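Letter by letter, the chains look like this.
Number of protein chains: 2
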Amino acid sequence: MDITAFYDIVENNDSFMITSHIAPDGDSIGSVLAMTLALLKIGKKAFPVINDVIPKKYRFLPGSNLIAKEIARKYDAIIVLDSGDIERLGFSKELNEYSGLIVNIDHHKSNVSFGDINIVDSGASSVGEIIYRLLEGKVEIDYGIALNLYTSIVTDTGSMKYSNTTAKSLKILAELVDKGVKPDYVSRQVFEKRSLSSLSLLKLVLDTLEITADGKLASLNITKDMMEVTGAMDEDTDGIINYAREIDGVEVAVIFKESEKSLIKVGFRSNEWVDVRKIAEVFNGGGHLRAAGCNIKYPLEKAREIVLNTVKMHMAEEYRERCN
Amino acid sequence: MDITAFYDIVENNDSFMITSHIAPDGDSIGSVLAMTLALLKIGKKAFPVINDVIPKKYRFLPGSNLIAKEIARKYDAIIVLDSGDIERLGFSKELNEYSGLIVNIDHHKSNVSFGDINIVDSGASSVGEIIYRLLEGKVEIDYGIALNLYTSIVTDTGSMKYSNTTAKSLKILAELVDKGVKPDYVSRQVFEKRSLSSLSLLKLVLDTLEITADGKLASLNITKDMMEVTGAMDEDTDGIINYAREIDGVEVAVIFKESEKSLIKVGFRSNEWVDVRKIAEVFNGGGHLRAAGCNIKYPLEKAREIVLNTVKMHMAEEYRERCN
Numbered sequence: 028m029d030i031t032a033f034y035d036i037v038e039n040n041d042s043f044m045i046t047s048h049i050a051p052d053g054d055s056i057g058s059v060l061a062m063t064l065a066l067l068k069i070g071k072k073a074f075p076v077i078n079d080v081i082p083k084k085y086r087f088l089p090g091s092n093l094i095a096k097e098i099a100r101k102y103d104a105i106i107v108l109d110s111g112d113i114e115r116l117g118f119s120k121e122l123n124e125y126s127g128l129i130v131n132i133d134h135h136k137s138n139v140s141f142g143d144i145n146i147v148d149s150g151a152s153s154v155g156e157i158i159y160r161l162l163e164g165k166v167e168i169d170y171g172i173a174l175n176l177y178t179s180i181v182t183d184t185g186s187m188k189y190s191n192t193t194a195k196s197l198k199i200l201a202e203l204v205d206k207g208v209k210p211d212y213v214s215r216q217v218f219e220k221r222s223l224s225s226l227s228l229l230k231l232v233l234d235t236l237e238i239t240a241d242g243k244l245a246s247l248n249i250t251k252d253m254m255e256v257t258g259a260m261d262e263d264t265d266g267i268i269n270y271a272r273e274i275d276g277v278e279v280a281v282i283f284k285e286s287e288k289s290l291i292k293v294g295f296r297s298n299e300w301v302d303v304r305k306i307a308e309v310f311n312g313g314g315h316l317r318a319a320g321c322n323i324k325y326p327l328e329k330a331r332e333i334v335l336n337t338v339k340m341h342m343a344e345e346y347r348e349r350c351n
Numbered sequence: 028m029d030i031t032a033f034y035d036i037v038e039n040n041d042s043f044m045i046t047s048h049i050a051p052d053g054d055s056i057g058s059v060l061a062m063t064l065a066l067l068k069i070g071k072k073a074f075p076v077i078n079d080v081i082p083k084k085y086r087f088l089p090g091s092n093l094i095a096k097e098i099a100r101k102y103d104a105i106i107v108l109d110s111g112d113i114e115r116l117g118f119s120k121e122l123n124e125y126s127g128l129i130v131n132i133d134h135h136k137s138n139v140s141f142g143d144i145n146i147v148d149s150g151a152s153s154v155g156e157i158i159y160r161l162l163e164g165k166v167e168i169d170y171g172i173a174l175n176l177y178t179s180i181v182t183d184t185g186s187m188k189y190s191n192t193t194a195k196s197l198k199i200l201a202e203l204v205d206k207g208v209k210p211d212y213v214s215r216q217v218f219e220k221r222s223l224s225s226l227s228l229l230k231l232v233l234d235t236l237e238i239t240a241d242g243k244l245a246s247l248n249i250t251k252d253m254m255e256v257t258g259a260m261d262e263d264t265d266g267i268i269n270y271a272r273e274i275d276g277v278e279v280a281v282i283f284k285e286s287e288k289s290l291i292k293v294g295f296r297s298n299e300w301v302d303v304r305k306i307a308e309v310f311n312g313g314g315h316l317r318a319a320g321c322n323i324k325y326p327l328e329k330a331r332e333i334v335l336n337t338v339k340m341h342m343a344e345e346y347r348e349r350c351n
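Just so you know, the sequences run in chain order S and B. So the first sequence is numbered by the numbering used here: it starts at 28 and just counts up by one. So the second sequence is numbered by the numbering used here: it starts at 28 and just counts up by one.
The set of hints was computed from the structure by calculation and includes no laboratory data. Treat the hints loosely; a few may be bogus.
Since the list gives no way to pick one copy over another, a pair counts as held whenever it fits inside one copy or between any two copies.
List of simulated lysine to aspartate or glutamate pairs, EDC-like, C-alpha gap at most 20 Å [unchecked claim]:
hint: 1; residue 1: K220; residue 2: D241
hint: 2; residue 1: K84; residue 2: D275
hint: 3; residue 1: K188; residue 2: D211
hint: 4; residue 1: K188; residue 2: D265
hint: 5; residue 1: K243; residue 2: E219
hint: 6; residue 1: K83; residue 2: D275
hint: 7; residue 1: K188; residue 2: E219
hint: 8; residue 1: K198; residue 2: E163
hint: 9; residue 1: K230; residue 2: D265
hint: 10; residue 1: K220; residue 2: D275
hint: 11; residue 1: K230; residue 2: E219
hint: 12; residue 1: K198; residue 2: D148
All values derive from a computational prediction rather than experimental measurement.
All chains should be built: construct the whole structure from the sequences, respecting the hints.
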């Protein structure tokens with residue numbers, strides 16, 4: 028990994044754009060802001076840019092008011108965080124014209140090493156964890172940086188519940204609490220702000236639960252109608268898939284969300300032995316071993332049929348492999 | 028605190044009963060088993076006894092098969108864990124006749140120091156954390172002990188989401204992961220085993236949501252009928268109160284559960300400024316600042332009226348105090 032090269036780039040350049048993928052989450056926003064605040068702290072010009080709406084629940088993060096939506100000027104270097112490829116940034120046109128340095132920092136196994144330098148560690152819980160290690164001993168991690176890094180790690184590990192939770196990530200969280208971060212405060216912001224509409228949505232979605240494959244495959248639907256009737260926001264759908272995944276005996280959970288009438292966003296989760304990234308890749312999606320996603324250009328019922336059949340085939344195959 | 032006295036008692040005695048409160052939870056069961064396994068490891072006779080059913084989700088804990096329900100013999104000493112008073116053990120009669128040593132290890136502020144020696148640390152996240160510190164450097168913490176202690180800490184902190192999550196508790200969790208504990212495995216056992224009946228129950232309970240006091244007080248009901256119709260178990264009601272607590276703007280959540288037609292178990296949670304222990308104490312209950320409970324001998328509607336009025340009065344008072 029190009030860690031020395033990274034420090035050299037920071038030292039020898041002045042202005043940085045820090046960016047991450049569209050549909051931003053706690054790790055992408057938290058790590059963009061931690062990197063921004065750290066660069067500002069050592070006297071650099073740092074501009075966080077994310078080409079999408081920042082969900083309300085992340086607006087408590089220090090520096091979030093600085094995030095711009097569009098690329099507005101020239102930079103010496105662009106630091107891309109938490110993005111397996113450069114298309115996910117939503118800036119394809121602008122980046123085609125860009126000739127400066129690109130730094131790629133990520134923890135996705137599927138990362139295509141698109142940067143001039145690439146720091147990709149798929150063993151890290153989150154990009155926040157990688158940034159903590161890059162900053163450690165180089166920049167004083169103040170409360171603002173700590174709060175962003177804590178949020179990165181805690182959201183990408185599902186509050187220490189996912190398999191990417193390591194002793195190393197727990198130790199970093201402890202260090203960040205020592206800097207003043209209050210775990211219950213962060214948790215209330217990012218996990219525990221339920222709107223009444225989100226509860227109404229939850230009830231409707233739970234009514235669509237279907238369980239097949241001998242109880243091992245559970246699926247849920249979120250239709251455009253449900254979103255309209257309840258007044259729920261996009262971010263209110265986060266985490267609903269876990270209600271399916273957590274049912275006793277279930278190995279794979281799939282959620283189908285109507286973006287438009289013929290465009291379905293599909294989310295996959297698994298518990299112990301199914302590699303859902305492989306399933307998502309069949310449909311040109313991607314992600315991690317236990318959490319992945321893709322888009323399908325079909326109406327809901329057709330999308331369900333195709334995807335669930337593929338999941339079942341894939342499960343049968345993995346099951347055979349495991350037992351041979 | 029009588030820590031040296033504790034080591035002396037362990038050294039100078041041979042047989043120990045290790046016990047905790049009825050309606051056992053992750054911290055009581057995990058800490059009873061960690062202490063049991065540690066005593067066995069140094070060659071003592073150790074007998075875990077809990078006078079209640081052990082919820083299914085905790086039966087993965089090493090040693091859980093050793094737990095007896097009744098006191099069956101004489102012991103040199105009884106080690107009581109996670110219990111504010113001795114009545115909560117459910118052994119009043121037997122303990123009246125007992126003349127041996129009582130060791131009291133707890134983290135409840137309300138603990139009445141009923142032991143011959145008392146190790147009470149209300150700053151500890153959990154009794155599991157206290158036991159980790161007592162064992163550290165004295166007994167090798169093997170995988171079995173580590174798994175019990177990890178479960179204690181992670182359940183009592185709500186997977187690192189509650190205000191008792193400290194840097195110290197995170198560091199201990201990291202040490203326990205280094206001993207081989209898999210955070211996602213524990214999480215699946217204790218937080219993520221949903222039965223289909225528990226999902227059906229959840230939908231019915233969410234239908235009873237009531238919000239008052241300018242959106243600051245949310246309440247839910249669980250009736251005996253709901254339990255029967257859905258076939259849900261007692262343990263399926265764990266955590267439902269958080270759906271009320273997590274609603275944006277809510278400070279206090281109350282859940283009313285019919286034990287019998289005229290016996291209501293009431294649970295309280297708060298987010299930031301209301302001390303719910305004080306409210307529970309009005310009805311002879313107890314607990315912590317942000318989580319408490321009591322029993323009310325009234326039918327559901329009457330119990331709701333009395334309790335919710337008391338909560339409102341109490342909130343108004345605390346609010347006045349905060350703003351003066």
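Structure-based check of all given hints:
1. K220 x D241: For K220 and D241, only the inter-copy Cα distance (17 Å) is at most 20 Å; the intra-copy one is 35 Å.
2. K84 x D275: This pair counts as between: shortest inter-copy Cα distance 11 Å, intra-copy 30 Å.
3. K188 x D211: both (16 Å within a copy, 5 Å between copies)
4. K188 x D265: The answer is both: 16 Å in one copy and 18 Å across copies each meet 20 Å.
5. K243 x E219: Between copies, since 15 Å is at most 20 Å while 29 Å is not.
6. K83 x D275: between (33 Å within a copy, 12 Å between copies)
7. K188 x E219: both (15 Å within a copy, 9 Å between copies)
8. K198 x E163: both (13 Å within a copy, 18 Å between copies)
9. K230 x D265: both (14 Å within a copy, 18 Å between copies)
10. K220 x D275: between (26 Å within a copy, 5 Å between copies)
11. K230 x E219: The answer is both: 17 Å in one copy and 18 Å across copies each meet 20 Å.
12. K198 x D148: Classified as within; 18 Å inside a copy, 23 Å across copies.
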